[in-house]
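Asker: Residues per chain, in single letters:
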Amino acid sequence: MKGPTSTPATRAIGIATLIGLAWFVAFGLFLSPDDAVQRKGVRILYIHVPSAWLAYLAFIVTAVSSAAYLSKRTRSLTWDRLAGASAEVGVLFMGITLLTGSLWGRVSWGVYWVWDSRVTTTAFLFVTYLGYLAVRGLGGSQHQRARRSAVVALLSVLEIPLVHFSVQWWRPLHQQESFAKGKLEYLMLFSLFIGIIVFTLMYVWLVMHRQRVLAMQDAIDEHGLEFAIAERRQEATL
Amino acid sequence: METTFVIISYVATFGGIGVLVVAMLRRARNLAERLPPEDLPWT
Amino acid sequence: MTSFSVTKLVAAKDLRIELRSRVLINQILPFAAIVMVLFAFALDNDDLLVRVAPGLVWLATLFSMLVVVQRSFAVEASDGALDALRTAGIPAQGIFFGKASALAVQLLVLEALLFAAAFVLYNSRFDGGGAVLLITSALAASCGLGLVGTLYGGLTAGTKGRESLLPLLLLPVVAPVLIGATRATEAALGVGGISMREGWAWVALLVTYALLFGIGGSIGFGPLVDDGA
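Chains as they are written, first to last, in this note's numbering: chain A, 1 to 238; chain B, 1 to 43; chain C, 1 to 229.
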């Protein structure tokens, strides 16, 4: 896999990810036992929980990178592109979280959805991300895009706790909160742990590559006019 | 029923990620063709 | 020019434009009223309507707000007024709070009329006990909505189909206001079994919301609407 965005670092992470993935599937699907209560359904959690953590981590990275861009001392489009790449991967993981969470809910509680603060806030974060990505596509110069998106990202940081608390007071958590963590057997915990490692590696790999793709896109846009002129000149001399 | 949902979860998750990875790497290749090597400072 | 005098000027200008053109009364209020009628068609149950009336009023407010916000910035964009203000060195904060105040006032007028409509259409009842709670929660909610609406309205104002982004950005952000204002109104009207004490707790949330976005907006509005590279 020697693509233009590959470096020794990404190759190493990529290989580690694939190995981890093999372990994960082995333990998650086969080697770990069924849960006493949830039976096979618990295996969905090995994806759902790590995916949720990484989605929230991605959101934090986007927020911090946005702040870094806005600060005059560290103003660089690299931060902006990191924010964007992290948000895209975050949307992906958020989607996985919502899908697997919904399936797990159907298996465990019989319903595809509940209106408690965690589920609702996750759904809100998903929509907010989508809004952020839409703002990134609004056009204008690269610095305009960066500034606009950065402010929106930080406003979203403000919004999410407000949404979380208002939903929580609206629908206080019931017993769903107490999914028997204490009763997790060693192998189940281990599967969860591998899941977190694998998803973290995937996140890093995806963001590194995606950020470089965005950098190439920006470079092309910058050169756009120069290239167009050069191409035109080439055509003229042929 | 649970088995079905478990399988759907794993296939959708890793299948979906796989598809996006392939698409992204292909796009990277397309973009790189149009750029001189100085513009790829990570290599 | 101090920020505060700019705020007063901008707010007065926006309200004067509204008074002259009467878009709120002529276009937006009928729209909101129709929305409330449509709710009745959709829900098809008189007891249910009384029970959910507070929520419906605030929903209608939020949907109408999208139009009011876009109008608030359409009057600027048409002759580049906002850009002119910015280039003249007028502090962005002043413009932000000015437009937010005008927006809040318009929303308050709208809410008052929509509540009246709810009393008529949905047979809401009001025993007078919760008047202070009702008014305070409407004030707090309107402040929050005015601030947030100005913020995201400024971002999406302008050319090339940016405006279609406003609902996607704004509606998730105002969700806490919908939750809080509806619960406080339910408490004030004695509907849904919510105590007055709880209603006031929701008002506290609304005030917090307004404070946070007041601060966030006063910092972020300038960079957000600055189209200068």
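Because the hints were derived from the structure by calculation, they are not lab data. Just so it is clear, the structure is predicted and the values come from calculations on it, not from any experiment. Certain hints may be false.
[What the hints assert, rightly or not] Per label pair, the in silico range of CB-to-CB distance: (1) C:Ala116 with A:Gly137: 57 to 63 Å; (2) B:Pro41 with A:Leu31: 54 to 60 Å; (3) C:Val109 with A:Val114: 35 to 41 Å; (4) C:Phe41 with A:Ile19: 33 to 39 Å; (5) C:Leu48 with A:Val111: 55 to 61 Å; (6) C:Ser5 with B:Glu33: 18 to 24 Å; (7) C:Phe63 with A:Gln217: 34 to 40 Å; (8) C:Val120 with A:Pro172: 31 to 37 Å; (9) C:Gly193 with A:Gly110: 36 to 42 Å.
[As the list claims (entries may be wrong)] Some chain A residues well away from chain C (every beta-carbon gap over 12 Å; in silico): (10) Thr10; (11) Thr120; (12) Gln234.
Ideal Cβ positions, reconstructed from N, Cα and C, are used throughout, including at glycine.
Asker: Does the claim that A:Thr120 lies off the interface hold, with its Cβ farther than 12 Å from every Cβ of chain C?
Answerer: Since the minimum Cβ distance to chain C is about 9 Å, A:Thr120 lies within 12 Å and the statement is violated.
Asker: Given the range 35 to 41 Å, decide if the beta-carbon distance of C:Val109 to A:Val114 lies inside it.
Answerer: holds, 38 Å
Asker: Given the hint of 55 to 61 Å, check if C:Leu48 and A:Val111 actually sit that far apart at their C-beta atoms.
Answerer: At 22 Å between Cβs, range violated.
Asker: Is it correct that the beta-carbon of A:Thr10 has no partner in chain C closer than or equal to 12 Å?
Answerer: holds, 33 Å
Asker: Once the closest CB in chain C is found, is it more than 12 Å from A:Gln234?
Answerer: Label holds. Min Cβ-Cβ 30 Å, cutoff 12 Å.
Asker: Lying within 54 to 60 Å: is that true of the beta-carbon distance B:Pro41 to A:Leu31?
Answerer: With Cβ atoms ~43 Å apart, the hint is violated.
Asker: Given a hint of 33 to 39 Å, does the C-beta separation of C:Phe41 and A:Ile19 actually sit inside it?
Answerer: violated, 59 Å
Asker: Does the Cβ-Cβ separation between C:Phe63 and A:Gln217 fall within 34 to 40 Å?
Answerer: holds, 37 Å
Asker: Should the hint that C:Val120 and A:Pro172 are 31 to 37 Å apart at their CB atoms be regarded as holding?
Answerer: Taking Cβ atoms as reference, C:Val120 and A:Pro172 lie about 35 Å apart, which means the hint holds.
Asker: Holds or violated: 18 to 24 Å for the Cβ distance of C:Ser5 and B:Glu33?
Answerer: violated, 57 Å
Asker: Assuming the hint says 57 to 63 Å, is it satisfied by the Cβ distance from C:Ala116 to A:Gly137 or not?
Answerer: For A:Gly137 against C:Ala116, whose Cβ atoms are near 42 Å apart, the range 57 to 63 Å is violated.
Asker: I want to verify a distance hint. Is the separation of the beta carbons of C:Gly193 and A:Gly110 within 36 to 42 Å?
Answerer: violated, 27 Å
Hints 1, 2, 4, 5, 6, 9, 11 from the list above are not met by this structure, while the remaining hints are.
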